[in-house]
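Peer 1: One letter stands for each residue in the lines below.
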Amino acid sequence: MSNLFSTLHIAGTALNVNQSAINIVSNNIANMNTEGYHKQKVNLSAINIDTPIFNNVNAQINTNLGVEITSVGRYTTTFLNSYYNDQITEQSYLNEQKNTVTNIANVFDDLEGQGLDTALQAFYEAINNFSKSPNDLNTRRAFIEAASALAKSMNKIAKNLDDIEKNNVGDGTNQHSLNNSKIKTTADSLNRSLDELASVNKMLANSQTGTLENNTLLDKRDTILKEISQYGDFKSDIQSDGTVKLSFSGIKVVSGNGVEGYFGVQTALQYDEYCQNNNIENTNNNNAVITFGKDEEIDYQNLNQKFDTGLIGGILDSGNSYESTKADLDNLAQKIADTFNEIQTREGAYYIETTNGNTRLSNENIEDYKIFTTDEGYNNITAENISINPIFLEEDGYQKLAAAYFPDNNPDINAVGNSNNTIEMLNTRNQADSIETTYNGIVGKITAAYESKTNESTMQDSVVQTLDNKINEQTGVNLNEELTDLIRFQNAFTASARVFSVCNNVLDTLVHLGE
Amino acid sequence: MVNRVTTSSINSALIQNMQQSYNKYAELTEQISSGNKINSILDDPYKSLDIINTNRELNKIDIWNDNISALTNELKQSTDTIDLIIEKAQRIKDLATSASNETFSSDRLNSILEEVDILIESTVQSANTKYNDNYIFGGANTKIPPYEIQYDNNNEIIGIKYNGTRQDGEWERQLEISEGIFQTVNVTGIEVFGEADVNGTSSGIMGDLIEFKNILTDIINNNGQNYSDISNKLDDFTQSINQMSGVNSKLGSVTNKLEMSARSLDSTKLNLKSFLSETQEVDLTEAIAEWYSSQYAYQASMQVFTRFNSMSLLNYI
Numbered sequence: 001m002s003n004l005f006s007t008l009h010i011a012g013t014a015l016n017v018n019q020s021a022i023n024i025v026s027n028n029i030a031n032m033n034t035e036g037y038h039k040q041k042v043n044l045s046a047i048n049i050d051t052p053i054f055n056n057v058n059a060q061i062n063t064n065l066g067v068e069i070t071s072v073g074r075y076t077t078t079f080l081n082s083y084y085n086d087q088i089t090e091q092s093y094l095n096e097q098k099n100t101v102t103n104i105a106n107v108f109d110d111l112e113g114q115g116l117d118t119a120l121q122a123f124y125e126a127i128n129n130f131s132k133s134p135n136d137l138n139t140r141r142a143f144i145e146a147a148s149a150l151a152k153s154m155n156k157i158a159k160n161l162d163d164i165e166k167n168n169v170g171d172g173t174n175q176h177s178l179n180n181s182k183i184k185t186t187a188d189s190l191n192r193s194l195d196e197l198a199s200v201n202k203m204l205a206n207s208q209t210g211t212l213e214n215n216t217l218l219d220k221r222d223t224i225l226k227e228i229s230q231y232g233d234f235k236s237d238i239q240s241d242g243t244v245k246l247s248f249s250g251i252k253v254v255s256g257n258g259v260e261g262y263f264g265v266q267t268a269l270q271y272d273e274y275c276q277n278n279n280i281e282n283t284n285n286n287n288a289v290i291t292f293g294k295d296e297e298i299d300y301q302n303l304n305q306k307f308d309t310g311l312i313g314g315i316l317d318s319g320n321s322y323e324s325t326k327a328d329l330d331n332l333a334q335k336i337a338d339t340f341n342e343i344q345t346r347e348g349a350y351y352i353e354t355t356n357g358n359t360r361l362s363n364e365n366i367e368d369y370k371i372f373t374t375d376e377g378y379n380n381i382t383a384e385n386i387s388i389n390p391i392f393l394e395e396d397g398y399q400k401l402a403a404a405y406f407p408d409n410n411p412d413i414n415a416v417g418n419s420n421n422t423i424e425m426l427n428t429r430n431q432a433d434s435i436e437t438t439y440n441g442i443v444g445k446i447t448a449a450y451e452s453k454t455n456e457s458t459m460q461d462s463v464v465q466t467l468d469n470k471i472n473e474q475t476g477v478n479l480n481e482e483l484t485d486l487i488r489f490q491n492a493f494t495a496s497a498r499v500f501s502v503c504n505n506v507l508d509t510l511v512h513l514g515e
Numbered sequence: 516m517v518n519r520v521t522t523s524s525i526n527s528a529l530i531q532n533m534q535q536s537y538n539k540y541a542e543l544t545e546q547i548s549s550g551n552k553i554n555s556i557l558d559d560p561y562k563s564l565d566i567i568n569t570n571r572e573l574n575k576i577d578i579w580n581d582n583i584s585a586l587t588n589e590l591k592q593s594t595d596t597i598d599l600i601i602e603k604a605q606r607i608k609d610l611a612t613s614a615s616n617e618t619f620s621s622d623r624l625n626s627i628l629e630e631v632d633i634l635i636e637s638t639v640q641s642a643n644t645k646y647n648d649n650y651i652f653g654g655a656n657t658k659i660p661p662y663e664i665q666y667d668n669n670n671e672i673i674g675i676k677y678n679g680t681r682q683d684g685e686w687e688r689q690l691e692i693s694e695g696i697f698q699t700v701n702v703t704g705i706e707v708f709g710e711a712d713v714n715g716t717s718s719g720i721m722g723d724l725i726e727f728k729n730i731l732t733d734i735i736n737n738n739g740q741n742y743s744d745i746s747n748k749l750d751d752f753t754q755s756i757n758q759m760s761g762v763n764s765k766l767g768s769v770t771n772k773l774e775m776s777a778r779s780l781d782s783t784k785l786n787l788k789s790f791l792s793e794t795q796e797v798d799l800t801e802a803i804a805e806w807y808s809s810q811y812a813y814q815a816s817m818q819v820f821t822r823f824n825s826m827s828l829l830n831y832i
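Residue numbers (the working numbering), protein chains in the order written: chain A, 1 to 515; chain B, 516 to 832.
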């Protein structure tokens, strides 16, 4: 015969279990919008004891001892997670590259008519007017103005590119500029994530001592791993106690005990000094160099090659993109300077000289009257330092422009209307490899890069988005599911309570049997 | 088993869709309000390069058009001046014809001589005409008068000196009228009018003028010249006038050529402009139709979002 108290006990376990189950439902609903929360589910099982039953049906009944919660499971997609994290690494790399080309393209945006192309057009227009009236003071001054504006427009673009590069990877020498750069702040937030991961590791080691899992901490761990994966190609090795060993290209970064080291950034100058002191060949061409080490000690001096993807890889790459665009621009500046300096100072070129009211041609010192120059001379002209020769900005500097050209170097001293030299300048526009063609090449390169990077990054965005949805669908909270669960457990709770009260009545009846 | 759909995943999908339709809506709104499909090179990298090239081409065409009108004006002034001098040459030729009549007294010859002096001065003055503050018949010597009358000690005209650039020098002044094509603006005085330098050569109408004056003076002074020399000179006058007319018709054909160039530049410009507006500007009819449909799409996605979120088992508990 079964014991009434054991029935009461069974109902009691059911009350307890359903109350706990409602607790889990409540937690699920509370976290339905929490980022990285995985739906939890109570796993129920019947309690029984393994006593010998023989042929005793009462003994058989007595093996049933009610219900219990064996574990609270969490919906996970372990395989998808690691794939997802890889895709996030790729996504942040591509997004950063897209940012870079967008920034560069913005600098060259000239549809509104304020940029380099407009300055170049204005310059050629000034040359044309100059060739029309080679001895007119106003067309000469306009030419000088236009040349000066062209130089300034190149300076401005070079400076804009420089500023963006500085914002990304610093200027390569100055610690202060590095501290304010994107690469440094990114490395800092990576380090913070490493700290967080280490502390979650510690908590997991303390808390997950048995077979049951600490679901909330695991959620937190997965969220941090996702965060870290955007920075670079980190490998995470999950241990049986839920802790993670994080490594980066063979370097231990976080272990069960804590952070093994932090990522730092040094300037190209500092790295160069290190290389010189240690006789290492310096192949670095980036303004910023990623390091790794602990407590002021640097164990790895240059990890730039290893960061070939992720946000940090993207930022490091951006440095190269700016440098290559700047090199293109410098070539253009050199080409502009060479083209016009050559024609201005070639053999047979003559400028106007006005003395005592007489207008005459002269070619004295013409080698010194190059149009484009820099503060340090005529060589190594870059987009950053190109400027108009200050001689032309003097009171009668306009006279020094050589408009006339005599092929046999046999000048007609009165031929101030000779503009053959200016026409030669104008004709540079019609050559196959003209300055404007070179400029088009630069812009074409930039726009093509923009187009392809935008496409790549959009594609990757949708890959990540799809994965994100998939993971979310498999692990997130569905309100309808929770509400049906809530009603299910509520009903079960009510029913158990009813059983409890029936038992109570039966007991009562028993107690009063003898009266 | 049915795939799970979670509240937050469907929410994020709905939000994404809503954002997409909002982006499209905002993009179209910006296009319509600015009138341009492409406002920055980021809007369409490849087409932007076309726009940059087309704008540059249009800028060049404007320059060439300016050049052509400057050329045409200067050429007109040149031909007008040459016409004026041809008239004067005709007058002198008439004088010469009448002077070759041996019945003229020396008084009459003296008055012809005076008129010849005046005509020489006015011819030189015309040949020294300026356009845009430049002497147009001096070749590249645009700042000094191309012709200078030479006088002897008695203040008698004895020569007309040419100070401009000669045909064998760098005399051409050129302007670009289309890609790499440079048109010469000027003719040198020496080619049209010749010269009569006291210490140099004598040619053209200028030479004829001085020679005719010399012959007249000699006849008046009875220095062995006779009237038949004047008759011989008449042929020279005809030749010089033909020379000037020849230059004028050459300049006329240049003017015609320029007109044709200008017309072809105008049609190129029209084509480029329509290409530019097709590429860059928004087709308003199409854009507004799209704008309305994107507005509906946006409204629909918002409505779906709110309706979806109000649906839940919560309503039935």
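These are calculated hints, taken from the structure and not from any lab test. Accuracy of the hints is not assured; some may be wrong.
Said to hold, decoys possible - Taking lysine to aspartate or glutamate pairs in the EDC-like style, the calculated list, with each CA pair at most 20 Å apart, reads:
| # | chain 1 | residue 1 | chain 2 | residue 2 |
| --- | --- | --- | --- | --- |
| 1 | B | K658 | A | D412 |
| 2 | B | K552 | A | E451 |
| 3 | A | K166 | A | E384 |
To be verified - The following label-pair restraints were derived from C-beta to C-beta distances:
| # | chain 1 | residue 1 | chain 2 | residue 2 | range |
| --- | --- | --- | --- | --- | --- |
| 4 | A | E347 | B | R606 | 48 to 54 Å |
| 5 | B | K772 | A | D396 | 54 to 60 Å |
| 6 | B | D622 | A | I413 | 45 to 51 Å |
| 7 | A | V463 | B | S789 | 40 to 46 Å |
| 8 | B | D648 | A | D396 | 36 to 42 Å |
| 9 | B | E801 | A | S324 | 36 to 42 Å |
| 10 | B | R778 | A | Q114 | 54 to 60 Å |
| 11 | A | I413 | B | S789 | 49 to 55 Å |
| 12 | B | N714 | A | I413 | 54 to 60 Å |
| 13 | B | S789 | A | S324 | 36 to 42 Å |
| 14 | A | D396 | B | R778 | 26 to 32 Å |
| 15 | B | K772 | A | I413 | 42 to 48 Å |
From the three backbone atoms N, C-alpha and C, an ideal C-beta is built for every residue, glycine too.
Peer 1: Hints first: check each against the structure and report whether it holds.
Peer 2: Checked hints:
For the suggested pair K658/B and D412/A, the alpha carbons sit about 13 Å apart, so the restraint of at most 20 Å is met. For the suggested pair K552/B and E451/A, the alpha carbons sit about 17 Å apart, so the restraint of at most 20 Å is met. A threshold of 20 Å between alpha carbons decides the hint, and for K166/A with E384/A the separation of about 15 Å falls inside it, so the pair holds. At about 49 Å, the beta-carbon gap between E347/A and R606/B stays in the expected band of 48 to 54 Å.
Hint check: K772/B to D396/A, Cβ distance near 39 Å, so the stated range 54 to 60 Å is violated. For D622/B and I413/A, the hinted distance range of 45 to 51 Å is satisfied, since their beta carbons lie about 47 Å from each other. Between V463/A and S789/B the Cβ separation comes to about 42 Å, which falls inside the hinted range of 40 to 46 Å. Between D648/B and D396/A the Cβ separation comes to about 19 Å, which falls outside the hinted range of 36 to 42 Å.
Between E801/B and S324/A the Cβ separation comes to about 40 Å, which falls inside the hinted range of 36 to 42 Å. Taking the beta carbon of each, R778/B and Q114/A are about 33 Å apart, not inside 54 to 60 Å as hinted. In this structure the hint that I413/A and S789/B lie 49 to 55 Å apart at CB holds, the actual value being about 51 Å. Between N714/B and I413/A the beta carbon distance is about 19 Å. The supplied range of 54 to 60 Å is therefore violated.
In this structure the supplied range 36 to 42 Å holds for S789/B paired with S324/A, their Cβ-Cβ distance being about 37 Å. Restraint check, D396/A to R778/B: a C-beta distance of roughly 43 Å breaks the suggested window 26 to 32 Å. Judged by the Cβ atoms, the range 42 to 48 Å given for K772/B and I413/A is violated: they are separated by roughly 33 Å.
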